[in-house]
Structures are given as C-alpha cells and as structure tokens.
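There are 2 protein chains.
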Amino acid sequence: MTVKELTDLYPSRVNDRPRILERKDPVIFSAGDQLKQGPLDQEKLDFYEKNGYLFFEKFFSDDEVQKWRQELRNVWEESKHTSAPEIIREPQNDEIRSVFKIHETNDIFNRLSRDRRILDMIMQLLGSEVYIHQSRINFKPGFNGKEFYWHSDFETWHVEDGMPRMRAISCSIALEDNYHFNGPLMVLPGSHKYFVSCVGQTPDDHYKQSLKKQEYGVPDHESLTKMVKEFGIDTPTGPAGSLLLFECNIMHGSNGNITPYPRSNIFMVYNSVENGLVQPFSGQNPRPDFLGERTIKPLKPIE
Amino acid sequence: MTVKELTDLYPSRVNDRPRILERKDPVIFSAGDQLKQGPLDQEKLDFYEKNGYLFFEKFFSDDEVQKWRQELRNVWEESKHTSAPEIIREPQNDEIRSVFKIHETNDIFNRLSRDRRILDMIMQLLGSEVYIHQSRINFKPGFNGKEFYWHSDFETWHVEDGMPRMRAISCSIALEDNYHFNGPLMVLPGSHKYFVSCVGQTPDDHYKQSLKKQEYGVPDHESLTKMVKEFGIDTPTGPAGSLLLFECNIMHGSNGNITPYPRSNIFMVYNSVENGLVQPFSGQNPRPDFLGERTIKPLKPIE
Numbered sequence: 001m002t003v004k005e006l007t008d009l010y011p012s013r014v015n016d017r018p019r020i021l022e023r024k025d026p027v028i029f030s031a032g033d034q035l036k037q038g039p040l041d042q043e044k045l046d047f048y049e050k051n052g053y054l055f056f057e058k059f060f061s062d063d064e065v066q067k068w069r070q071e072l073r074n075v076w077e078e079s080k081h082t083s084a085p086e087i088i089r090e091p092q093n094d095e096i097r098s099v100f101k102i103h104e105t106n107d108i109f110n111r112l113s114r115d116r117r118i119l120d121m122i123m124q125l126l127g128s129e130v131y132i133h134q135s136r137i138n139f140k141p142g143f144n145g146k147e148f149y150w151h152s153d154f155e156t157w158h159v160e161d162g163m164p165r166m167r168a169i170s171c172s173i174a175l176e177d178n179y180h181f182n183g184p185l186m187v188l189p190g191s192h193k194y195f196v197s198c199v200g201q202t203p204d205d206h207y208k209q210s211l212k213k214q215e216y217g218v219p220d221h222e223s224l225t226k227m228v229k230e231f232g233i234d235t236p237t238g239p240a241g242s243l244l245l246f247e248c249n250i251m252h253g254s255n256g257n258i259t260p261y262p263r264s265n266i267f268m269v270y271n272s273v274e275n276g277l278v279q280p281f282s283g284q285n286p287r288p289d290f291l292g293e294r295t296i297k298p299l300k301p302i303e
Numbered sequence: 001m002t003v004k005e006l007t008d009l010y011p012s013r014v015n016d017r018p019r020i021l022e023r024k025d026p027v028i029f030s031a032g033d034q035l036k037q038g039p040l041d042q043e044k045l046d047f048y049e050k051n052g053y054l055f056f057e058k059f060f061s062d063d064e065v066q067k068w069r070q071e072l073r074n075v076w077e078e079s080k081h082t083s084a085p086e087i088i089r090e091p092q093n094d095e096i097r098s099v100f101k102i103h104e105t106n107d108i109f110n111r112l113s114r115d116r117r118i119l120d121m122i123m124q125l126l127g128s129e130v131y132i133h134q135s136r137i138n139f140k141p142g143f144n145g146k147e148f149y150w151h152s153d154f155e156t157w158h159v160e161d162g163m164p165r166m167r168a169i170s171c172s173i174a175l176e177d178n179y180h181f182n183g184p185l186m187v188l189p190g191s192h193k194y195f196v197s198c199v200g201q202t203p204d205d206h207y208k209q210s211l212k213k214q215e216y217g218v219p220d221h222e223s224l225t226k227m228v229k230e231f232g233i234d235t236p237t238g239p240a241g242s243l244l245l246f247e248c249n250i251m252h253g254s255n256g257n258i259t260p261y262p263r264s265n266i267f268m269v270y271n272s273v274e275n276g277l278v279q280p281f282s283g284q285n286p287r288p289d290f291l292g293e294r295t296i297k298p299l300k301p302i303e
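In order, the protein sequence lines correspond to chains A and B.
Take 1 as the starting number for the first sequence in my numbering and just add one per residue.
Take 1 as the starting number for the second sequence in my numbering and just add one per residue.
Any given hint might turn out to be false.
Where chains are identical, the list cannot tell them apart; a pair therefore holds if satisfied intra-copy or between any two copies.
List of simulated lysine-lysine pairs, DSSO-like, C-alpha gap at most 30 Å [stated by the list, open to error]:
1) K146 - K229
2) K36 - K24
3) K50 - K229
4) K146 - K36
5) K24 - K297
6) K80 - K226
7) K297 - K146
8) K58 - K226
9) K226 - K146
10) K67 - K229
11) K50 - K80
12) K67 - K226
13) K193 - K80
14) K80 - K24
15) K50 - K193
16) K300 - K67
17) K229 - K297
18) K300 - K229
Hints in this document: simulated from the structure, not taken from any laboratory.
Small disclaimer: the values here were computed from a predicted structure and weren't measured.
Please model the entire structure based on the sequences and the hints provided.
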C-alpha cells in the first residue's frame, strides 16, 4: 500500500479551525480467548475502555525502583558530556532533561521494556505483538520543574511520525513518590475517544524545538474547556514504583513543580506490530528513529 | 525612636549564606478576655498557633461571591486602558494581573476590608486594632497561570517596606472554585515559626520587577528542602467564597496552572496598628504606598 492510498483518519494541522472528531478505532483490540485469559480482569478492562488509562500503585518493588534509580544516575553521568541527539537538554541551562532510546542502549532498561508483567497487559489491550515506538528516561528535578501543556501523544505521532491508527499505549513508571502538588500527570478520563484536530502547519525539523516547548499540535482553549467540563481531570498519584498505562490518544499534561520533590520517571511507548509507521501525515520528513521507531522489532517477553 | 535605634530582629539579604532563624514574636497576640471572647474558639486558635493558617470553606455566600466577581470584572474593564502604577500587567502580553489598593479605590472592596466577620478574627489574633498594609485583586485566568515561587511575605515587607515585627495576617478570598490541580496556594504548616534569612542584596526600585517575577528575597533550596521535610505541604482548597487567613511569615508558593480553571481572588493584608512601618531594613527607599501603606489608618468594622 502506498502513502497516497492510505486515508488520513485523523487529519490535524491542516485546517484553520479546530475540530473534535470521534475516535475511529477500538480501545481494546483483543477478543475471545486472548481477552479472557488476562492478566487484566473485566473490571480493569472496563475502566480502561471508559477512562483510557490504568494506574497501579506500587506495581514494582522497592528493590527494582532502587536499581532503576541507580541506573538513571549512571545514564545521567554517562550522558553529561555527550552530545548525542538522543540526549535532550533544558533550553535555559543545558541540564539533561531526557535521554531517549534507553530500551536499546541500556541493558537494564532493555530488560524492563520486555518485562512480562507489563507486556502481557499491553498485548491483551492491543491484541497483537508489540514493539517499542519510543522510550526515554525523564530527569525531573524539584524546584523548577517545567509544565507540559495539554496534548494527545497520538496527534504528534500521527502527524509527525506517521502512526496510522490509535493502537499504542504509553507506560510511565514513577521513580519518585508522586503527590498532587509536585506537578503529576493530569489526564482527561474519556478524552481518548475523541480526536482534537489542531490548527496550524508544522515547520520542518519542528521536533528539535517541540521536545523542549510545544508550539504545534496544541489543542485550542475551547476544545479543552469543553473536554474538561465533560470529563473532569484525574491525577493518578502514588509512591515510587507505581505504573501508569495510558492510551495514546488520551488528553494529558502537567503543571510545573516548585516543590523540592523530583518527578523522574521511565517512559516507554508500546505500538502494535500491525500499526507500523507510514509516511508522516504532514507530508514532511519523518522524525528520527529515537523519537518514532520506523523498524518493527517485536518484543520477546522475559520473566 | 529613630531608625538607627531599631534593632533588625530579622536580618535578610545581608549575608552571603542563608540562615534559618527562630521567630522572635508571638503568633497570637491577644490575651485574657480579648482572647476568650472569640470569635475563634480554642481549637481554631491552637491550629493557627501550630500551623500558621486557618482555612474556612465557603465562608462567604454565593451572592457575595457573585457580587465581588461582577465587581472584579468592572475593575478589569475600568483598568484596561489605564496605566496607573497600581495596575500590574503580565510581562509577556500586557494583560492585567493584579490591581492594588482596591480597599481605598473601590466602595465594595472597601466595605469588604472592614467586614466584621473578618476583622473580629484578625483583631483577636493580632491583639490590637488593625489597618490595611496592602490590598489587591488578582486576575488569574486559566491555561497559562504562572507559578509563584516559595517566599515569606514578611521577608519582603520587612526588608523592602520596613515592617518591624511579625504581626500581620494575609486574607485571601477565593472567587473561583479551587482544586488541587489548578495551582492552589501551598503552605508549609509550622514554617511561620522560622525566618529564612535570604542571600543577596536588593537593587533599587526592585519592586517593579518583583511583582512579576521574584529574584530577591528568594529562600535557598537547602532551607526549603529542610522545611518541606519537617513540615510537609498543605494545599487548602475549596469552593468559591472560601477564606484563607495566613500568618505573614508562613512559607508559601503556588505552581503554575494549565487547566481551564481560573484562580482569581481578593487579597488583603491586615497589620497591627502597633506594627507600623519604619525605614526599610534594606536601608533603601520604601516601596510606594500601594504596596506597603505607610500611614496607619485603623479600620472601623461594619456589619
């Protein structure tokens, strides 16, 4: 199938006025035996279908969190004097903000990305084998944590990377205790069933800026107000080791953080092997692989 | 008493290293009959003594809130094309952020500043008649509400205005429903018993910038981390009409707000008539009267 033949089910950044479209994909893709055999039970499945996310308090043990925090520090040290494109720095002070592709460059995080406890849930929800579309660790120190404005990840991945359908799930593992006052992720539960078509065109090589500050693919105030009114705001918070799975199209964002509490986390995006990237729907060149993996590499679970 | 004779009990912005000093003033100033006759009962007094703040959910009626919100809009409209110094605008877009001195320039807010329901509590806590040190309304629209970094109001009022002792109380009336996710005020309960002596000197006419972005009188990370560890963080939130009284020296701040929910409020500072301003302890010229009233004007309560 060539690009020309693929209909853009979710057009964005092509119109002068924003629009709210209905989702054209299922939320849960597996059926029959695969759906029934778990690990997620019917209650959890219903919650995910309705709200677009699942939160597991203290899913991982303290020992595991300890190990990952140590490895986060190692990666930070190793990355300090490196200028690889996978290392994203703060605009103001050059401090490292994120390191991408850690599921390929780091043994410990590679094993984590294939952890059966995560993968089995992901495959149950996406109904197929999966691969990593993007992975990163986020260093979020306290005192001056920056806000991240409302967005649907899928909008970016669709327009800028060429992800055709809503069949991906983000997985965020908290490496620090999270409170309602240190700028936790806010989600609009239920918003994954709607697609906010944003206004404006995307400039070339936009990603170099967008990782630091969003300017395109930004939903409008009216749509956001409408959605917040309809869906409310959930802020799943819990101790270090908590796991958040959220649907690729759920509207989310986070406020800044002036508290001393850091918010570092591990972030991995699982995409269905049946949802591999095509030419970006913006018509522009795709972003680099560390932001949107273009080679489908099915994951083998490990215990 | 001349300025030279007045000892600076709370030196700040004079040393190279921050220090945490103990409070040298009582928290509650009245005694005997005045203390006993209310309106605050022993439980409330104990809470204030220990935590440095009092929160009253929905203290005012919906009708009152409605009236003040209407008046807030009137003031906004009147102020739009005025360039009085009492009107503070956003650095980026010139939108009005605060209008000061509203207890003198506006009838409705003048009456509010003398409301017996507030004044009786304030006088019970401060043990004397009181006057308004500063008043303002804050317009805080949703979507891009700015953070306000940690600070003790007293530190500024002492150094920049010449408020000698900790004998003032701030009163904040929420004109909108407040949630934990729209950047509510955060306080460190108990921090009013300590004074963080900040580093650095204050440049002349600093106030013109400091109202928009703080750079001086900023507590250091180490002191803040220590205090947060010891005291924790409280975020008193509630519906519109809620009233927050907080001690002038309590450490507080607020995160930004990307939600559509605005956070407009009325803010009035009551100072004891026995705590009138002297020469600023920075040795510099005092700030204008709309920021720190230099004339003691005792308030007559009205029903």
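Evaluated hints:
no., hint, result
1, K146 - K229, "both (25 Å within a copy, 22 Å between copies)"
2, K36 - K24, "within (24 Å within a copy, 67 Å between copies)"
3, K50 - K229, "within (16 Å within a copy, 38 Å between copies)"
4, K146 - K36, "neither (41 Å within a copy, 47 Å between copies)"
5, K24 - K297, "within (26 Å within a copy, 66 Å between copies)"
6, K80 - K226, "between (43 Å within a copy, 28 Å between copies)"
7, K297 - K146, "neither (33 Å within a copy, 43 Å between copies)"
8, K58 - K226, "between (33 Å within a copy, 26 Å between copies)"
9, K226 - K146, "both (25 Å within a copy, 22 Å between copies)"
10, K67 - K229, "between (41 Å within a copy, 24 Å between copies)"
11, K50 - K80, "neither (42 Å within a copy, 45 Å between copies)"
12, K67 - K226, "between (42 Å within a copy, 26 Å between copies)"
13, K193 - K80, "neither (41 Å within a copy, 41 Å between copies)"
14, K80 - K24, "neither (43 Å within a copy, 46 Å between copies)"
15, K50 - K193, "within (9 Å within a copy, 48 Å between copies)"
16, K300 - K67, "within (22 Å within a copy, 64 Å between copies)"
17, K229 - K297, "neither (40 Å within a copy, 45 Å between copies)"
18, K300 - K229, "neither (42 Å within a copy, 43 Å between copies)"
The structure is inconsistent with the numbered hints 4, 7, 11, 13, 14, 17, 18, although it conforms to all the rest.
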